[in-house]
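Engineer: In case you want the letters, here they are:
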Amino acid sequence: MSEILYKLNNIQTSYNTKPILNIHALQINQSEILGLIGSNGSGKSTLLRHLAFLESPLSGELLYKGFSHQLIPLHVKREITILLPEPTLLKRSVKENLLFGLKLHDDMENAQKRMEEVLELVGLLPKKFLQRQWHELSSGETQRVCLAARLILKPKTLLLDEPTNSLDYNGVPIFSDAISYANQQWKTTVIIASHDLLWLSSLATRQVGLHFGRVMDFSTSNFIFGKWEEKGKNKIFHFGDDQHLQIPKEWRVGEKRGIAINPRKISLTKEIFTCKEKLFFLEGFIKEISHLQKDDEVSLKINVGEYTIEAIMDYEEFKKNSFSLREKVILSFSQEAFNTN
Amino acid sequence: MDYILEGLKEAIFLLIRLDPETISAIDITIRTSSVSILLSVIIGLPLGFILGFFEFPFRKSLKLLSDTLLALPTVVVGLIVYAFISYRGPFGEYELLYTAKGIIIGQTILALPIVISLSATAIEGMDRKLYLTLSSFYPTLFQMVKNVIWELRHALIAAIVTAYGRVVAEVGIAMMIGGNIKWFTRTITTAISLETNKGEFAMGIALGLVLILIAFAANLSLFALKKRSGGMRS
Numbered sequence: 045m046s047e048i049l050y051k052l053n054n055i056q057t058s059y060n061t062k063p064i065l066n067i068h069a070l071q072i073n074q075s076e077i078l079g080l081i082g083s084n085g086s087g088k089s090t091l092l093r094h095l096a097f098l099e100s101p102l103s104g105e106l107l108y109k110g111f112s113h114q115l116i117p118l119h120v121k122r123e124i125t126i127l128l129p130e131p132t133l134l135k136r137s138v139k140e141n142l143l144f145g146l147k148l149h150d151d152m153e154n155a156q157k158r159m160e161e162v163l164e165l166v167g168l169l170p171k172k173f174l175q176r177q178w179h180e181l182s183s184g185e186t187q188r189v190c191l192a193a194r195l196i197l198k199p200k201t202l203l204l205d206e207p208t209n210s211l212d213y214n215g216v217p218i219f220s221d222a223i224s225y226a227n228q229q230w231k232t233t234v235i236i237a238s239h240d241l242l243w244l245s246s247l248a249t250r251q252v253g254l255h256f257g258r259v260m261d262f263s264t265s266n267f268i269f270g271k272w273e274e275k276g277k278n279k280i281f282h283f284g285d286d287q288h289l290q291i292p293k294e295w296r297v298g299e300k301r302g303i304a305i306n307p308r309k310i311s312l313t314k315e316i317f318t319c320k321e322k323l324f325f326l327e328g329f330i331k332e333i334s335h336l337q338k339d340d341e342v343s344l345k346i347n348v349g350e351y352t353i354e355a356i357m358d359y360e361e362f363k364k365n366s367f368s369l370r371e372k373v374i375l376s377f378s379q380e381a382f383n384t385n
Numbered sequence: 037m038d039y040i041l042e043g044l045k046e047a048i049f050l051l052i053r054l055d056p057e058t059i060s061a062i063d064i065t066i067r068t069s070s071v072s073i074l075l076s077v078i079i080g081l082p083l084g085f086i087l088g089f090f091e092f093p094f095r096k097s098l099k100l101l102s103d104t105l106l107a108l109p110t111v112v113v114g115l116i117v118y119a120f121i122s123y124r125g126p127f128g129e130y131e132l133l134y135t136a137k138g139i140i141i142g143q144t145i146l147a148l149p150i151v152i153s154l155s156a157t158a159i160e161g162m163d164r165k166l167y168l169t170l171s172s173f174y175p176t177l178f179q180m181v182k183n184v185i186w187e188l189r190h191a192l193i194a195a196i197v198t199a200y201g202r203v204v205a206e207v208g209i210a211m212m213i214g215g216n217i218k219w220f221t222r223t224i225t226t227a228i229s230l231e232t233n234k235g236e237f238a239m240g241i242a243l244g245l246v247l248i249l250i251a252f253a254a255n256l257s258l259f260a261l262k263k264r265s266g267g268m269r270s
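If you read the protein sequences in the order shown, they are chains V and D.
Counting in this note's numbering, the first sequence runs from 45 upward without gaps.
Counting in this note's numbering, the second sequence runs from 37 upward without gaps.
Hints in this document: simulated from the structure, not taken from any laboratory.
A virtual CB, placed ideally from N, CA and C, is assigned to each residue, including glycine.
Misleading hints may appear alongside valid ones.
As the list claims (entries may be wrong) - One-sided excerpt, in silico: chain D residues whose CB lies under 7 Å from chain V:
id, residue
1, Ser172
2, Pro175
3, Lys182
Assemble the whole structure, with the sequences as input and the hints as a guide.
Structural biologist: Here it is as structure tokens:
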């Protein structure tokens with residue numbers, strides 16, 4: 045069983061009275077790769093800055109290895125490193141940027157070898173890039189050097205905020221490999237906030253959803269982003285295949301930025317049925333089935349129009365219905381599925 | 037028109053043959069302005085950093101005061117310093133009036149608000165991304181200060197060059213405190229003023245050219261520094 049690295053209790057943060065984070069309880073284990081998902085403004089970046097101790101919560105308890113955010117010693121803090129969105133290099137050469145953290149931490153042992161190792165990890169040739177100035181790099185190269193400047197510290201905790209933002213299609217798998225390498229070789233705990241759900245699900249050992257600063261009571265993603273059409277007393281979301289989801293405005297669910305549907309509260313049937321309860325129905329095709337061994341559950345990813353919705357059910361129930369890939373299914377859920385804690 | 041051209045010709049001649057009186061004024065100007073800038077940087081840069089970086093009570097009021105002092109007339113500085121160092125003033129016993137040291141005190145006071153205010157503005161306006169990036173390596177306070185200054189070096193040097201430009205070109209303090217004494221406290225600006233009053237355009241123009249050259253050299257060195265460290269694209 046992994047040790048607990050971070051423990052957050054009743055964390056609340058607001059900017060100018062606008063609540064940004066309201067986390068009742070969250071634990072992050074050592075050596076896991078945790079994916080943080082959520083729409084813009086859901087609080088992912090703020091949470092990462094809190095975890096990096098760059099910002100403090102207004103109230104609540106944030107513990108790292110048992111140290112509270114007020115009392116964490118500098119040498120423990122220096123185990124953590126964060127790659128911010130829109131990464132910024134210091135106005136120096138690549139070499140000086142890589143050495144910056146090492147000099148600051150007074151850890152210059154094998155510096156040359158470490159510089160070469162991390163540049164190779166992020167897919168840059170040391171001979172070509174070490175002497176380059178910060179303004180001689182493209183945005184993708186800057187992003188890579190920024191990650192390398194964090195990796196060179198061999199951090200125990202690596203926080204990444206939208207790390208694939210400026211990367212081209214070659215860069216993304218290189219970043220995946222570098223992150224996995226740090227996780228496996230150095231036992232680095234990695235926490236990644238990203239909108240690239242597909243990439244994140246391929247890398248993360250666990251995912252946590254944030255919705256308006258709250259941690260979802262389910263850990264997988266079913267966020268429906270995009271434009272909601274207002275029609276009378278309702279809000280309508282179009283899935284792009286003549287199907288839509290219509291919810292009354294008064295529910296105040298995902299008022300501006302969409303909704304999250306709890307995958308464990310979605311029922312799957314092969315045929316549509318009638319019900320007295322107020323239910324929502326969507327039709328889709330199963331595109332992926334995976335067994336979640338930890339809880340003996342099955343995750344089914346279903347294409348609904350241009351979107352993917354995940355439903356999670358007990359293995360027994362899955363066996364009873366014998367769902368198969370590419371099969372057409374009916375998803376049904378009630379208002380309860382929209383709730384967050 | 038002829039007398040201007042004649043003056044220009046004579047000015048170039050004075051510079052080429054290193055006229056002692058002209059050289060003396062240049063020498064005094066460079067010495068007083070350099071020392072006063074050095075002092076204002078030693079005092080002003082830390083104050084500017086504190087004013088721009090830290091949050092404390094009355095910070096904004098102090099910044100406003102510093103900004104207001106940017107427009108401090110040189111004659112007012114001259115008057116205040118004169119009052120303090122004249123023989124009847126509290127520092128009269130030090131005999132600073134009509135000396136280069138007196139000029140340095142006045143010019144330091146003139147340059148201080150410029151160094152404080154412009155450096156505070158540069159630090160205050162530091163990119164939040166840069167601040168977070170530096171913070172993400174968890175520097176000590178000393179490491180943070182050192183690196184913020186290094187990252188903002190161009191803006192800070194620009195502040196110093198601006199202050200130098202104002203000091204080197206001022207006439208009020210040098211005239212009132214220095215007394216425009218030939219070979220001792222006569223600076224380029226006071227010499228220009230005197231020579232023009234006497235109708236000696238040649239020396240005035242020669243010194244004017246040197247003054248422009250000094251300002252150009254200061255800005256050129258800033259430009260070269262920026263270019264060398266990649267602060268601007270060629």
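Engineer: Honestly, which of those hints from before does the structure not fit?
Structural biologist: 3
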